[in-house]
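As you go down the protein sequences, you meet chains A and B in turn. Per our numbering: the first sequence = residues 1 to 214. Per our numbering: the second sequence = residues 1001 to 1260.
Since the hints were made in silico from the structure, they are not lab data. It cannot be assumed that every hint is accurate.
[Unchecked claim] Computed spacing ranges between beta-carbons, pair by pair:
#1 G1226(B) / K99(A): 25 to 35 Å
#2 G1226(B) / A24(A): 46 to 56 Å
#3 E1041(B) / E169(A): 17 to 27 Å
#4 A181(A) / E1038(B): 22 to 32 Å
#5 N40(A) / Q1221(B): 33 to 43 Å
#6 E1041(B) / A24(A): 48 to 58 Å
#7 E1217(B) / S151(A): 41 to 51 Å
#8 A149(A) / Q1156(B): 36 to 46 Å
#9 N40(A) / P1213(B): 47 to 57 Å
[To be verified] Just so you have them, the derived chain B footprint on chain A, three or more residues with Cβ under 8 Å:
#10 21 to 34
#11 86 to 99
#12 140 to 151
#13 170 to 177
#14 184 to 194
Backbone N, C-alpha and C fix where the C-beta goes; we use that ideal spot for every residue, glycine too.
Listed below, chain by chain, are the residues.
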Amino acid sequence: MPPSVENAQTIVESDAVAVERTLAGDRDAFRVLVERHSHNVFRLAYRMTGNRPDAEEVVQEAFLRAYQKLGQFAARANFGTWVYRIAANYAIDRMRQRKKEEARKAAPAVHEEGMENDPVALVRDEAPTPERLTHNLELRKHMEIALAALSHSERTAFVMRHWEGCAIEEIAVVLKSSSGAAKNTVFRAVQKLRLALQPFVGKATQARAMGTES
Amino acid sequence: MRHVTEEDLIAYREGVSAERAAIGEHLAMCEECREEFERIEAVLAALDTLPVPNPGDDYGRRVWQQLAPRLPEKRARWWQSWFEPKRLAAFGAVAAMLVVAFLAGHYWKPNQVGPDVATKEQVRERILVVAVGEHLGRSEMMLVELSNAEPKDPSQKRVNITSEQRRAEDLLDENRLYRQTALQAGDTALASILDELERVLLDVAHSPDQVTPAQLEKIRQKIEAGGILFKVRVVGKELQERQNATPAQNNSTKLERNKA
Chain A
1 MPPSVENAQT IVESDAVAVE RTLAGDRDAF RVLVERHSHN VFRLAYRMTG NRPDAEEVVQ
61 EAFLRAYQKL GQFAARANFG TWVYRIAANY AIDRMRQRKK EEARKAAPAV HEEGMENDPV
121 ALVRDEAPTP ERLTHNLELR KHMEIALAAL SHSERTAFVM RHWEGCAIEE IAVVLKSSSG
181 AAKNTVFRAV QKLRLALQPF VGKATQARAM GTES
Chain B
1001 MRHVTEEDLI AYREGVSAER AAIGEHLAMC EECREEFERI EAVLAALDTL PVPNPGDDYG
1061 RRVWQQLAPR LPEKRARWWQ SWFEPKRLAA FGAVAAMLVV AFLAGHYWKP NQVGPDVATK
1121 EQVRERILVV AVGEHLGRSE MMLVELSNAE PKDPSQKRVN ITSEQRRAED LLDENRLYRQ
1181 TALQAGDTAL ASILDELERV LLDVAHSPDQ VTPAQLEKIR QKIEAGGILF KVRVVGKELQ
1241 ERQNATPAQN NSTKLERNKA
């Protein structure tokens, strides 16, 4: 659930105090920032990299870089947004590196992470029939392949806009592009995902209908 | 009728369209565009079911534990913090405690033999027990006062918690020293409680000076959620019992708590 405006304001004020104290030499003040923002940064990193070990590495690196560059952080800015940006940049580097490592493989691996939250379990109503289970697992596999097939910029733009609700200007800073170009990258990502997934989404809908009838 | 392009529909769906109202109106009237929009929506809704694993409630803490040893000291201002009055006061208190422990050990008559005679280490530990007991008492008092804080004037929209914050800052410095001492003494259970207390104190110390009743409620919930007040009371009471117990009993209590 997104924090209320009042809560968000409290967090920003409290972050500013923690940043100030860290800069004054109180290293433990940085702990407050790490504990407060780790979950959000992890979520972003996982959606960008698609696997847990890389996401955890991105979180560590993002906070380390944030600590090292804290002197450059403008006091009036939002620490959460700033560390997010650092994490997104590092995640892009990590994805590039990973792509090189996986260049030999024909298709990207479908990760087993988060099977406990599988889309199959998240479907609210009908009892799962074998058809539905098969189709949902297939759909999940296709979605992961489609996301992995996006370019780094497209995946970053899509994750930041669609899932994290970041402003286009913020995405533009991470992609080092203009706002117009960042907006186009979001369109391109959705178009590619649609092209790759629409046939399977249709099948899943049919499968749902079969599950209801049986 | 001119239909909406796919690009405009995506912009509309993702909330980045400049013509939001016009597209909304068009969708309400045009079935063809509405169907196209629903197809885009279906793909995005399917993507929303992709799970993100929950790294666990203590994830932030784990990240910090791995990160802390990698963080370089901020050297430029490192020395300044050691000369802050509250830190000097905390050092003074611990130094005084060590002097008392040393003197107590030095002047202890060696010809006093028997089961109740304490060694130098036991005297030191007893002094630590007294000091930590007092520290927990002060922490408890501050947290209780913070939990009961209300605006002085009911018409005021914010509550001033500056006094509690200053106390939390002072307690924080003491807490760190006691936690390290407890760790060195092998009392891991006490060190763990002090670690939990430290996080609550950090939160209080880094809150804004003026908070709204809703923000104060959040702080209260945080204090209650971890059950820190209860834990502090239990350990405080146990330390009081340890003050009155024999050294042999103390050792067995410590071992039992560490096992637990």
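We went through each hint and held it up to the structure:
Between G1226(B) and K99(A), the C-beta spacing of about 42 Å breaks the proposed range 25 to 35 Å. Checked against the hint of 46 to 56 Å, the C-beta distance between G1226(B) and A24(A) comes to roughly 27 Å, which is inconsistent with it. Distance hint check: the CB atoms of E1041(B) and E169(A) are about 25 Å apart, consistent with the given range 17 to 27 Å. Restraint check, A181(A) to E1038(B): a C-beta distance of roughly 29 Å satisfies the suggested window 22 to 32 Å.
At roughly 20 Å, the beta-carbon separation of N40(A) and Q1221(B) lies outside the given 33 to 43 Å, and the hint is violated. Between E1041(B) and A24(A), the C-beta spacing of about 50 Å keeps the proposed range 48 to 58 Å intact. The hinted window of 41 to 51 Å between E1217(B) and S151(A) holds, with their beta carbons roughly 46 Å apart. Between A149(A) and Q1156(B), the C-beta spacing of about 57 Å breaks the proposed range 36 to 46 Å.
Under the hint 47 to 57 Å, the C-beta atoms of N40(A) and P1213(B), about 26 Å apart, miss the expected range. Check on the region 21 to 34 of chain A: 13 of its residues sit with their Cβ under 8 Å from a Cβ of chain B, so the three-residue criterion for coverage holds. Given as covered by chain B, the region 86 to 99 of chain A fails the check, having 0 residues with a CB less than 8 Å from a CB of that chain where 3 are the minimum. Restraint check on the region 140 to 151 of chain A versus chain B: 4 residues with Cβ-Cβ distances below 8 Å, three needed, restraint holds.
Interface restraint, the region 170 to 177 of chain A with chain B: violated (0 residues with C-beta to C-beta distance below 8 Å; minimum three). Under the rule that three or more residues need a Cβ within less than 8 Å of chain B, the assignment of the region 184 to 194 of chain A holds, with 6 such residues.
Hint check: violations occur at hints 1, 2, 5, 8, 9, 11, 13; the rest are consistent with the structure.
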